[in-house]
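S.K.: For reference, the chains in residue letters:
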Amino acid sequence: MEEKQLLAQIRNLSVEYKTRLGQVSAVDGVSFDIYKGEILGLVGESGCGKSTMGKALMRMIQPPGKITDGQIIFQGEDIMTYDDNQMRDFRGRKVSMIFQDPMTSLNPTQRVDEHIIEAIQVHESQTKTEEALTRAEKMIRKLGMQRRRMNSYPHQLSGGMRQRVMVGLGLVLNADLIVADEATTSLDVIVEAQLADQLKDIREEFGVSLLVITHNIALVAEISDRIVVMYAGHVMEIADVEPIFDNPLHPYTRGLLKSIPNIKLVDTEELYKMPGEPPNLTHPPSGCRFHPRCPRAMPICKTYEPDLEEVSSGRFVKCWLYIDHPEKESETIKVEA
Amino acid sequence: MSSSLRRFLITRILLTIPMVLILVTLIFFVMRVLPGDPIRSQLGPRVSEEQANVLRERLGLNRPLYVQYFDFLWDMVTLDFGTALTQGERPIKDELGERLPATIELTIPAITITALLGILSGAFAAKNRKKPIDYAIRLMSIAIYSIPIFFMGLLFQIVFSVRIPILPLSGRMDTLLLTQFESITNFYVIDSILTGNWPALKSAIGHLIMPSITLGLALTGVFVRLTRVNMIEMLQSDFITAGRARGIPERRLVYKHALRNTFIPILTLLGLQFAILLAGAVLTETTFSWPGVGRYLVDRIELRDYTAVQATIAVFALFVAAISLLMDILYAFIDPRIRY
Ligand SMILES: Nc1ncnc2c1ncn2[C@@H]1O[C@H](COP(=O)(O)OP(=O)(O)OP(=O)(O)O)[C@@H](O)[C@H]1O
Ligand code: SF4
Ligand SMILES: [Mg+2]
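Those protein sequences? They're chains A and B, same order as listed.
Throughout the first sequence, residue numbering follows the numbering used here, covering 1 to 337 in sequence.
Throughout the second sequence, residue numbering follows the numbering used here, covering 1 to 340 in sequence.
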């Protein structure tokens with residue numbers, strides 16, 4: 001396999017929301033890489049900070065939220081040091097985003113062509129409208145839509161078409177990364193499968209990287225090259241798709257995969273339900289944030305937070321089971337469900 | 001325009017007919033139930049019964065009520081409006097023809113001020129939500145909203161025509177100029193331009209400033225609040241976030257994307273406010289002795305001039321209906337979800 005080229009490095013990124021109940025540590029010291037032309041799946045239960053992570057990547061966290069720490073190195077530059085103008089240029093041109101609800105993510109009073117032309121001209125003020133229009137048309141056809149759809153208003157399009165317009169808005173500016181936050185979740189199964197296929201095609205054709213945020217593990221298994229598993233604001237495991245499904249290392253990943261009906265695990269008898277609830281992130285558990293629910297938790301897990309360690313090439317796990325520590329050897333604690 | 005929209009508009013027009021009918025019927029009877037009548041109001045309380053009867057006969061008030069009612073309805077249908085019962089018993093059409101332009105000339109700049117000032121400062125406040133400028137704008141709008149029109153008008157008069165006499169106190173034009181003023185349309189601004197009468201134009205505009213600002217400001221408060229609230233909601237909507245994620249400048253997101261979508265609820269209010277605008281016009285006209293329909297209505301209610309009041313109310317009602325129809329059309333123009 002050819003050498004993978006780095007596109008972005010997220011380093012030690014933390015995001016907090018100030019709420020009346022206290023600070024919500026939604027993303028805490030997260031690090032991972034995104035390679036050129038890959039589809040990276042970001043999975044985890046609801047509320048684990050996936051959307052926050054996606055938004056933080058574009059520095060789109062709105063108050064009461066705030067990026068409190070970390071670096072986002074994109075094509076070698078730390079965008080945390082960018083000013084407003086640089087950020088505006090970065091958004092749309094380098095990274096583009098597709099949202100969950102296609103019904104509301106386009107301006108209801110703007111036609112499809114107006115959306116695309118605006119996106120082009122905002123970033124390339126010297127581009128003439130006719131030229132932008134030609135580019136918009138090309139893009140629409142590439143996405144498998146008829147030309148007459150250019151003159152449609154969002155409400156005249158189906159959910160799948162709207163999501164394709166959103167994708168097109170990113171591609172027309174040659175974005176290097178498209179962040180798709182639950183982009184297929186609200187579509188019906190067949191349209192979802194179509195869009196997923198299309199995302200793969202787009203990656204082939206444009207060489208763009210995709211960060212697919214979802215809690216749909218089946219989708220991730222289907223389209224991703226690599227997977228980042230998040231739990232309670234921490235990255236728990238990073239691995240290529242096959243190894244992680246063949247042999248999940250982190251107890252949370254195991255639980256997550258076991259709870260999916262259509263993924264075969266070695267010893268699945270019946271559908272597994274992970275005990276307990278995701279933690280309240282105003283007071284995250286000490287040590288390993290998963291310890292209150294972990295079937296293999298050890299005394300050390302409660303006190304010390306494990307690092308995200310590379311256990312084999314390209315495979316990272318944040319769990320004491322895979323790291324040595326002098327205090328590790330003690331009796332396993334029982335967990336009440 | 002799609003056929004469904006056309007059907008919708010036709011239904012709307014047809015619906016205004018019963019609405020106006022109910023209103024004028026109500027006015028017809030309310031006027032007659034009120035104590036006092038046009039005879040006493042003109043001839044005074046000590047007039048003899050004979051004299052009163054002569055006048056009553058001349059004005060047709062001796063006829064049975066239902067005859068008067070249908071006579072009035074017929075006048076409305078034929079758009080004849082009949083004749084007034086007091087003050088020279090002139091055709092109401094002529095009387096309104098003189099006064100309606102005065103009111104329109106006052107309300108157009110007023111509503112422009114309201115729309116521009118209200119919508120822009122509302123949008124600006126929303127954009128700078130929770131910053132000092134937002135609080136300042138909100139405070140101003142509440143203050144303006146709670147000051148009665150006549151008080152605001154009086155304040156302006158004291159400051160700008162008494163203390164610093166730069167603006168005329170009241171009326172539509174200097175009396176001297178008015179004696180030789182040739183009125184074609186009864187819109188004084190238009191008339192003075194048509195006749196090339198520049199001193200008259202200057203006077204007409206000068207007279208318009210205070211009343212139109214008073215009326216405009218009085219309505220601005222509501223608009224600021226409404227625009228601000230709707231804008232704040234709009235600025236949190238997904239398509240704005242998506243636009244931001246596409247690198248669209250904040251200014252464009254606020255004043256183009258969000259504001260255009262906010263126009264939809266604002267227009268509804270504008271249509272509803274039109275009735276309030278007319279009410280405001282009555283107060284403003286009284287304060288500034290502005291010879292418009294509002295003052296006419298107040299005068300004639302006092303004189304119990306049945307026909308004049310009935311006709312004026314009917315015209316008001318038609319205006320409100322026409323404006324709300326216009327709003328619906330504009331609505332469809334702004335919101336493609338209605339148009340298609
Ligand atoms: N605007 C906000 N104010 C306060 N807390 C927030 C805000 N947005 C998110 N959070 C909190 O941050 C945490 C992570 O939220 P986030 O939306 O990133 O999760 P998610 O993984 O995308 O969940 P889902 O799968 O439901 O979309 C949650 O605990 C959430 O309650
Ligand atoms: S560190 Fe301990 S508690 Fe956390 S996942 Fe590993 S074994 Fe479980
Ligand atoms: Mg989310």
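It is possible that part of the hints are untrue.
[Said to hold, decoys possible] Derived SDA-like pairs (lysine to any residue); straight-line CA-CA distance at most 20 Å:
1) K131(B) - D113(A)
2) K94(A) - K130(B)
3) K130(B) - Q62(A)
4) K256(B) - S125(A)
5) K256(B) - G29(A)
6) K94(A) - T241(B)
7) K131(B) - P64(A)
8) K256(B) - E124(A)
9) K130(B) - E114(A)
10) K302(A) - K94(A)
11) K256(B) - K302(A)
12) K130(B) - P63(A)
Source of the hints: derived by calculation from the structure; they are not laboratory data.
S.K.: Determine for every hint whether it applies to the structure shown.
M.R.: Quick rundown of the hints versus the structure:
For the given pair, K131(B) sits about 36 Å from D113(A) by alpha-carbon distance, which is inconsistent with the 20 Å threshold. The straight-line distance between the Cα atoms of K94(A) and K130(B) is roughly 32 Å, outside the 20 Å bound, and the hint therefore fails. Taking the CA atoms of K130(B) and Q62(A), the gap is near 14 Å; set against the 20 Å cutoff, the hint holds. Between K256(B) and S125(A) the alpha-carbon distance is near 17 Å, which keeps this suggested pair within the 20 Å criterion.
Simply put, K256(B) and G29(A) have alpha-carbon atoms about 38 Å apart, too far for the 20 Å limit, and the pair is violated. For the given pair, K94(A) sits about 17 Å from T241(B) by alpha-carbon distance, which is consistent with the 20 Å threshold. Using a Cα cut-off of 20 Å, the hinted pair K131(B) and P64(A) holds, with the two alpha carbons roughly 15 Å apart. Of the pairs offered as hints, the one joining K256(B) and E124(A) holds, with about 19 Å between alpha carbons and a cut-off of 20 Å not exceeded.
A threshold of 20 Å between alpha carbons decides the hint, and for K130(B) with E114(A) the separation of about 32 Å lies outside it, so the pair is violated. Of the pairs offered as hints, the one joining K302(A) and K94(A) is violated, with about 41 Å between alpha carbons and a cut-off of 20 Å exceeded. Note on K256(B) and K302(A): the hinted pairing is violated, with a Cα-Cα distance of about 53 Å set against a maximum of 20 Å. Under the criterion of a C-alpha separation no larger than 20 Å, the hint pairing K130(B) with P63(A) is consistent with the structure, at around 12 Å.
Violated hints for the displayed structure, listed by number in ascending order: 1, 2, 5, 9, 10 and 11.
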